[in-house]
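*Asks:* Residue numbers (my numbering), protein chains in the order written: chain A, 1 to 283; chain B, 1 to 190.
Just so you know, the hints here were simulated from the structure itself, not pulled from any lab data. It should be emphasised that the depicted structure is a prediction, and the values quoted were computed from it without experimental measurement. Just so you know, not all the hints are guaranteed correct.
What the hints assert, rightly or not - When the alpha-carbon atoms are kept at most 30 Å apart in a straight line, the in silico DSS-like pairs for lysine-lysine are as follows:
id : chain 1 : residue 1 : chain 2 : residue 2
1  : B       : 32        : A       : 68
2  : B       : 32        : A       : 29
3  : A       : 68        : B       : 33
4  : A       : 29        : B       : 92
5  : B       : 164       : A       : 68
What the hints assert, rightly or not - Far from chain B, by Cβ distances over 10 Å, these chain A residues were calculated:
id : residue
6  : 23
7  : 24
8  : 27
9  : 69
10 : 82
11 : 134
12 : 196
Note that CB positions come from ideal geometry on N, CA and C, so glycine has one too.
Below are the chains, spelled out letter by letter.
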Amino acid sequence: MDIQSILIAAGSMGGLGLLFAVILAIANKKLHVEEDPRVTEIMGVIPGANCGGCGYPGCSAFADAVVKGNAPVNGCPVGGADVAALVAKIMGVEVSVTEKEVAQCQCQGGMEEIAYQGEYQGAQSCIAATLVSGGKKLCEFGCLGLGDCAAACKFGAIVISENRLPVVDPEKCVACGECVDVCPRDLMELHPLSHRTKVLCKNHDIGRYATKVCTKSCIACGACERKCPFDAIHVIDNLATIDYEKCKHCGLCATVCPTKAIEHIKKPRKPKPTPSPIEEVDK
Amino acid sequence: MNLLVIFIGAALINNFVLQQFLGICPFVGVSKKVDSAFSMGMATTFVMVISAMATWLIYNLILVPFELQILQYVAFILVIASLVQFVEMFIKKVSKPLYDALGIFLPLITTNCAILGLALTAVLKEYNFMETLIYGIGAGIGFTMALVIMAGIREELELVDVPKSFQGAAITMIVAGSLALAFMGFAGII
Chain A
1 MDIQSILIAA
11 GSMGGLGLLF
21 AVILAIANKK
31 LHVEEDPRVT
41 EIMGVIPGAN
51 CGGCGYPGCS
61 AFADAVVKGN
71 APVNGCPVGG
81 ADVAALVAKI
91 MGVEVSVTEK
101 EVAQCQCQGG
111 MEEIAYQGEY
121 QGAQSCIAAT
131 LVSGGKKLCE
141 FGCLGLGDCA
151 AACKFGAIVI
161 SENRLPVVDP
171 EKCVACGECV
181 DVCPRDLMEL
191 HPLSHRTKVL
201 CKNHDIGRYA
211 TKVCTKSCIA
221 CGACERKCPF
231 DAIHVIDNLA
241 TIDYEKCKHC
251 GLCATVCPTK
261 AIEHIKKPRK
271 PKPTPSPIEE
281 VDK
Chain B
1 MNLLVIFIGA
11 ALINNFVLQQ
21 FLGICPFVGV
31 SKKVDSAFSM
41 GMATTFVMVI
51 SAMATWLIYN
61 LILVPFELQI
71 LQYVAFILVI
81 ASLVQFVEMF
91 IKKVSKPLYD
101 ALGIFLPLIT
111 TNCAILGLAL
121 TAVLKEYNFM
131 ETLIYGIGAG
141 IGFTMALVIM
151 AGIREELELV
161 DVPKSFQGAA
171 ITMIVAGSLA
181 LAFMGFAGII
């Protein structure tokens, strides 16, 4: 192998590449298509993560659809209200502010709370574990803790805690819904931040059995149902279910729940709501 | 006569899709409507013909004199990728609806193995320039034909009550297989 043949090879390939590059550059000028400038502008303000959370196959498709009027200006769940306002400004329309949603695992059955049915040593994936009689945990509704949701999250918002439960960082979560789709047990749910009271259990077993599988399971005792002054919580199919149309987030149900299956966050995470971005736009 | 044999051979007897099983991706992906199938076929034919000529020139004028035949894959992919880029720009300029209809499959012509396969077989068979050109046209027509036939059948299938377990991809595969079997009937006409 002498140096000359390498030079010839590199030179001829490089020359070819250069030739095609020049042709394409000229073609790009000659065949330039006037696109609606708003498409490029929208592309500039949306996050560009191509997550598909909006239902379109990518950010450019979404931008196209917005300009054509097929997609709502607030259709990007990742960007949230800020981006919706910017897109609305580009499109020259107003947008109603949608509340930020955050994903949360509807199960508190970690390593300490749950009972075990055996050892699981297969592939470390919830979907794989579901195929093998549901992994090591006895509860057939609970979190498997193998982190398919964390792997699916493109924004690094989900970490699996020491207790083998997914913990969502509400700052990073953009409510794209990837984790909701991937969880084989449908435990991830998107809730607006105003939903401060949640039943963090999906166990539909009768109380006697539910207590055996997990210490934090809903045992369908009905204490919450009796306590609720607004008729907002009901035990349906052995599981307490909150009607958010009626719920006033008083937190009484959480105080009477014997297994602490109901979570109540006392104050809003942001005490002062930030001024609506729309008003800023209007100025 | 020789050219006619090459043409029929490429289009029917050794049809790239149905007999050599190259370029299956657009064959399944863009065969839902006859219109877009035909356009896809034409776009691919265009790339095939131009790339067949360009690769012949590059192979015989650059690679052979410098004894760089080993680089043919690199060089051919370079040609094909550039051409597809060009075709994409061209179609976007001429017909935006067609550009939207072809969607992701247009840039995917780059990775359509039928095109690289064509360039490589043409070299393998030691065709001259004219023969390569005809071979490219034949292959393109054959590809378009396969796509259009498939799209025609699938349009009719929309109206048929397919058993539930065969719906979707399954029936498409069965149709593709039957088509390939039917095309075997062309073997031996030359």
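*Asks:* Run every hint past the structure and note whether it holds.
*Replies:* Tested hints:
no. : hint         : verdict
1   : B:32 - A:68  : 24 Å, holds
2   : B:32 - A:29  : 34 Å, violated
3   : A:68 - B:33  : 23 Å, holds
4   : A:29 - B:92  : 13 Å, holds
5   : B:164 - A:68 : 36 Å, violated
6   : 23           : 7 Å, violated
7   : 24           : 6 Å, violated
8   : 27           : 5 Å, violated
9   : 69           : 15 Å, holds
10  : 82           : 30 Å, holds
11  : 134          : 27 Å, holds
12  : 196          : 43 Å, holds
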